[in-house]
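Colleague: Here's the letter readout for the chains.
There are 2 protein chains.
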Amino acid sequence: MRFELKTTLTFSDGIEDAEDDVERIILKANDELLSRGVPEEVEDGGAQVKDFSIEQDKLSLKIVSDRYVRAHDAVLRLKKTLNQELGPEYHVGVRKIKIDHYTIQFELDRKAKEDISLPYVKNIKIEGKKCVLNLSGLTEEELSKNYVDRIINRVEEKIEAQYYEGKEEMWELLWKSEEKEMVWEEDPTEVMEERGWIKRGPTKGKWFYRPQAAKILKTLENIVVKEVLKPLGFQEIIESMMVPFDVWIDTGHMEGIPNEAYYISEPVTRNPEEWEEIIDEIKITQKVPSKKLREMTETPKAGICYAQCPVIYWSFKNETISDDSLPVLLFENTVPSTRYESGGRHGIERVDEFHRIEPVYIGTKEQLVELKENLIQRYKHVFENILDIEWRMAKVEPFYLQQAGGKKKEEEMDLGTIDFEAYLPYRGSREKSEWLEFGNLSIFRKYTEAFNIKSQTGKLLSGCTGIGIERWTTAYLAQKGVDPEYWPEKFKGYFGEMPEGIDLL
Amino acid sequence: MRFELKTTLTFSDGIEDAEDDVERIILKANDELLSRGVPEEVEDGGAQVKDFSIEQDKLSLKIVSDRYVRAHDAVLRLKKTLNQELGPEYHVGVRKIKIDHYTIQFELDRKAKEDISLPYVKNIKIEGKKCVLNLSGLTEEELSKNYVDRIINRVEEKIEAQYYEGKEEMWELLWKSEEKEMVWEEDPTEVMEERGWIKRGPTKGKWFYRPQAAKILKTLENIVVKEVLKPLGFQEIIESMMVPFDVWIDTGHMEGIPNEAYYISEPVTRNPEEWEEIIDEIKITQKVPSKKLREMTETPKAGICYAQCPVIYWSFKNETISDDSLPVLLFENTVPSTRYESGGRHGIERVDEFHRIEPVYIGTKEQLVELKENLIQRYKHVFENILDIEWRMAKVEPFYLQQAGGKKKEEEMDLGTIDFEAYLPYRGSREKSEWLEFGNLSIFRKYTEAFNIKSQTGKLLSGCTGIGIERWTTAYLAQKGVDPEYWPEKFKGYFGEMPEGIDLL
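Going down the list, the sequences are from chains A and B.
Residues 1 to 505, numbered by the working numbering, are exactly what the first sequence covers, in order.
Residues 506 to 1010, numbered by the working numbering, are exactly what the second sequence covers, in order.
Here are the simulated BS3-like pairs of lysine-lysine, each with C-alpha atoms no more than 25 angstroms apart in a straight line:
id: 1; chain 1: A; residue 1: Lys301; chain 2: B; residue 2: Lys796
id: 2; chain 1: B; residue 1: Lys792; chain 2: A; residue 2: Lys301
id: 3; chain 1: B; residue 1: Lys997; chain 2: A; residue 2: Lys230
id: 4; chain 1: A; residue 1: Lys199; chain 2: B; residue 2: Lys806
id: 5; chain 1: A; residue 1: Lys230; chain 2: B; residue 2: Lys704
id: 6; chain 1: B; residue 1: Lys995; chain 2: A; residue 2: Lys226
id: 7; chain 1: B; residue 1: Lys796; chain 2: A; residue 2: Lys122
id: 8; chain 1: B; residue 1: Lys735; chain 2: A; residue 2: Lys226
id: 9; chain 1: B; residue 1: Lys704; chain 2: A; residue 2: Lys301
id: 10; chain 1: A; residue 1: Lys454; chain 2: B; residue 2: Lys704
id: 11; chain 1: B; residue 1: Lys792; chain 2: A; residue 2: Lys317
id: 12; chain 1: A; residue 1: Lys446; chain 2: B; residue 2: Lys792
id: 13; chain 1: A; residue 1: Lys292; chain 2: B; residue 2: Lys796
id: 14; chain 1: B; residue 1: Lys806; chain 2: B; residue 2: Lys796
id: 15; chain 1: B; residue 1: Lys723; chain 2: A; residue 2: Lys230
id: 16; chain 1: B; residue 1: Lys735; chain 2: A; residue 2: Lys490
id: 17; chain 1: B; residue 1: Lys704; chain 2: A; residue 2: Lys446
id: 18; chain 1: A; residue 1: Lys226; chain 2: B; residue 2: Lys997
id: 19; chain 1: A; residue 1: Lys96; chain 2: B; residue 2: Lys792
id: 20; chain 1: B; residue 1: Lys822; chain 2: B; residue 2: Lys877
id: 21; chain 1: B; residue 1: Lys822; chain 2: A; residue 2: Lys287
id: 22; chain 1: A; residue 1: Lys301; chain 2: B; residue 2: Lys709
id: 23; chain 1: A; residue 1: Lys28; chain 2: A; residue 2: Lys58
id: 24; chain 1: B; residue 1: Lys704; chain 2: A; residue 2: Lys317
id: 25; chain 1: A; residue 1: Lys145; chain 2: B; residue 2: Lys797
id: 26; chain 1: B; residue 1: Lys627; chain 2: A; residue 2: Lys292
id: 27; chain 1: A; residue 1: Lys287; chain 2: B; residue 2: Lys951
id: 28; chain 1: B; residue 1: Lys627; chain 2: A; residue 2: Lys291
id: 29; chain 1: A; residue 1: Lys317; chain 2: B; residue 2: Lys709
id: 30; chain 1: B; residue 1: Lys806; chain 2: A; residue 2: Lys292
id: 31; chain 1: A; residue 1: Lys204; chain 2: B; residue 2: Lys822
id: 32; chain 1: A; residue 1: Lys230; chain 2: B; residue 2: Lys995
id: 33; chain 1: A; residue 1: Lys145; chain 2: B; residue 2: Lys792
Incomplete in silico selection of chain A near chain B, CB under 8 angstroms:
id: 34; residue: Thr203
id: 35; residue: Ile238
id: 36; residue: Tyr262
id: 37; residue: Val335
id: 38; residue: Pro499
id: 39; residue: Ile502
Just so you know, these hints were derived from the structure itself, not from any lab.
Keep in mind it's a predicted model, so treat the numbers as computed, not measured.
Think of the CB as a built atom: it goes at the ideal place given N, C-alpha and C, for glycine as much as any other residue.
Looking at chain A on its own, in the form it has when it is part of the complex (with noise of 0.2 angstroms):
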């Protein structure tokens, strides 16, 4: 790796009588300020600045560095004992970094397959497994603000990304239910709106359920409540929908899922006085005027609930958690969750806004480690004894972690997802249909320390497990039908009467 920076630094004032101070200081840092922190092992290493000028108010530097002192840290450096020697005899100080050309050179894990872009970066050359940039427009800031780093992290992600490309997810089965004999070959969705069951929402990839399906779905939250979290000891909590993009920008979905995520614009005032011309525009109209709403709202600040997850982490944000209270262990079961769905008619299982229960924990390995063996004993029951479907479990690598690419996969990878798995009949054979993905359970290490989540004694890992409900009704529904005649007895228990619904003619 090898960094050479061309650039400016203004001072407050003229610095041609400083000229021998300057060398001096400079000569200085060479040796010992611009190799500190290097390795010891490491020979000659850091950086050095090779040729500086100076005219007038400025000051040139030439600076070569390799991965331990990166160029752009060791200008900061220099900026700074430049003020403290300089300052008391010349009464100067340097004002301003301008960055006149910066070249880094590194070695690629992986050749490239196709050209890169990325911004900051006026151009990449890439050969081999050997990566050149030429970096531009970079501030003083956004230097000491670690952006080179990450301009570097990402060449290297877009590339392994282009490997990663139309490749499987990985899965790999790790259990399976035995075949169950099914009710029905129909499509649960189909047959639920023809009965009016539930009708199509008012916005895209949205259901409206009527009784019938609403006491269906909120059967399964019961059974889910009283039969999974009960007995392993999870609290409720209760969080907002909207999720604000620091938070977002902490678990990575700001970056992983911007496509996806529905925005929440707020009125740019609460002022009526100051709607009054667009309130007169729709009573006489009956429109919405589009342009002056666009001007009336503001620009996106936070979104919608994709997961419930990132909220109960902030909710822990920088705070040390008794070990009494480890794991914690809850589970959030009020706000409804949103994705930007692609187009094209889909049913209940895949959905623009939909219900799920995310119970979330947060604890040590070993602990996180026994309550996923839990958790799988619990959902076994729930999924044999109650619902008596067929299903299976997987390990498979999860969505967000292709979407981060790159090296973050393999740490994870110890930990882990798993899949809960359920043949629908209406798709076709059991060998050859897609099976619905209609539950996870996941550990991971990388959010209690982006939220900086501590415990009393030793290191935290936390977890979730997606209960979407609309997903395990289609499960259900699709398995056993919309007759409960023929539900198992335990679902019926639960369930209680059909409610009558409303007849419309």
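Chain A is already provided as a structure; the job is to place chain B on it using the hints.
Modeller: Only chain B this time, still in chain A's reference frame:
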């Protein structure tokens, strides 16, 4: 009421040859067509063409009319008959109608206190109760879509609102409970926040409810369902939290609360490649580039649920409900509601995102008046026997009617709204402090009309009763404190054990 319209009709070709026929058609129309529909008892009613002239392909008209056939309707009638009569012989038709000058003169209900302005109105002259409007810029389509009527209504409404401004809401005590002994005088929000039971949410006006507080909210929900809704036969439905503008136009929310809505903005595309630049930027800078996001998100076409009833009404739009299903009794307890509240720090009783159970009922007037009494009895049972709180009922004029202003108000008032209010000891004495409105109950005429919801036999009304869980929580805790030792036995029976919560150091 007097309408004077100067308008120019442009034909597809010159019509100077047809002058005699045009004159004949106009004279005939003056005699018959332009007074069609005028009530018999009105003499010389309708519209009259007072003047006309032809130049090449243009026919200029001056039309004067009364309220029975407004001048802009007259010109649309004339267009049709001119096309029919001139078409066969001269092979011409009207291509365009241009409004050169449109003056409308009418009597106001009340004198204006201040000047008013309106879209499509060049100037308004008000002298005493006489109002003269000069309209401009209306297209033929807009004329045919009743813009003129709504402009006139809006003038009346705006003047009405001038009288309304600053006036107190109508409030009339209907009933009040006995004085009860208060456990404490603390603000429950403050105490819960100190104890870590709640935490301010990551965005303005939202809360994060930790296990202890969440259990209180969920217990109240459970009590409402078991003690109020189930005994009366309400069935649960689940709706989408996203409400498209056309639904809010039908309910009147769009013109009533556009300054208080949280809006939803969708991605302009779901294609990840088109998001790559923004993702690069987020990964490198750890910030969301606001301008680029604005470009990548749509102008809102929907808002987040403000109250649950609009989407329930929408689900019945244009439907005929079987008499067997009347009264329809439904409730929604799944989607959170939002209101863009003014700044400042408030407790959980005034928030931007909250949880409401919204029962909605549709039926005949008799059915709903009976239901209203039954609901009040069930509420009374809960407030007295389970929560044991000090509360009162008052007849009030609902907020939306103030917003709507004007005429709609009167026709609603015989049905009206009841507010449930609770004494909050932390606000001061019973007599001088403001009690908390923690629920309400209404019956309306307008929604079944707006959504064209029909029965087999008679006219349907509708209504709803909002149960704001955060407000119930505030009412209960403000009187009963946060220590279960002092809670009424029946509430404790529903609540069970206080959750352990999470210890943070």
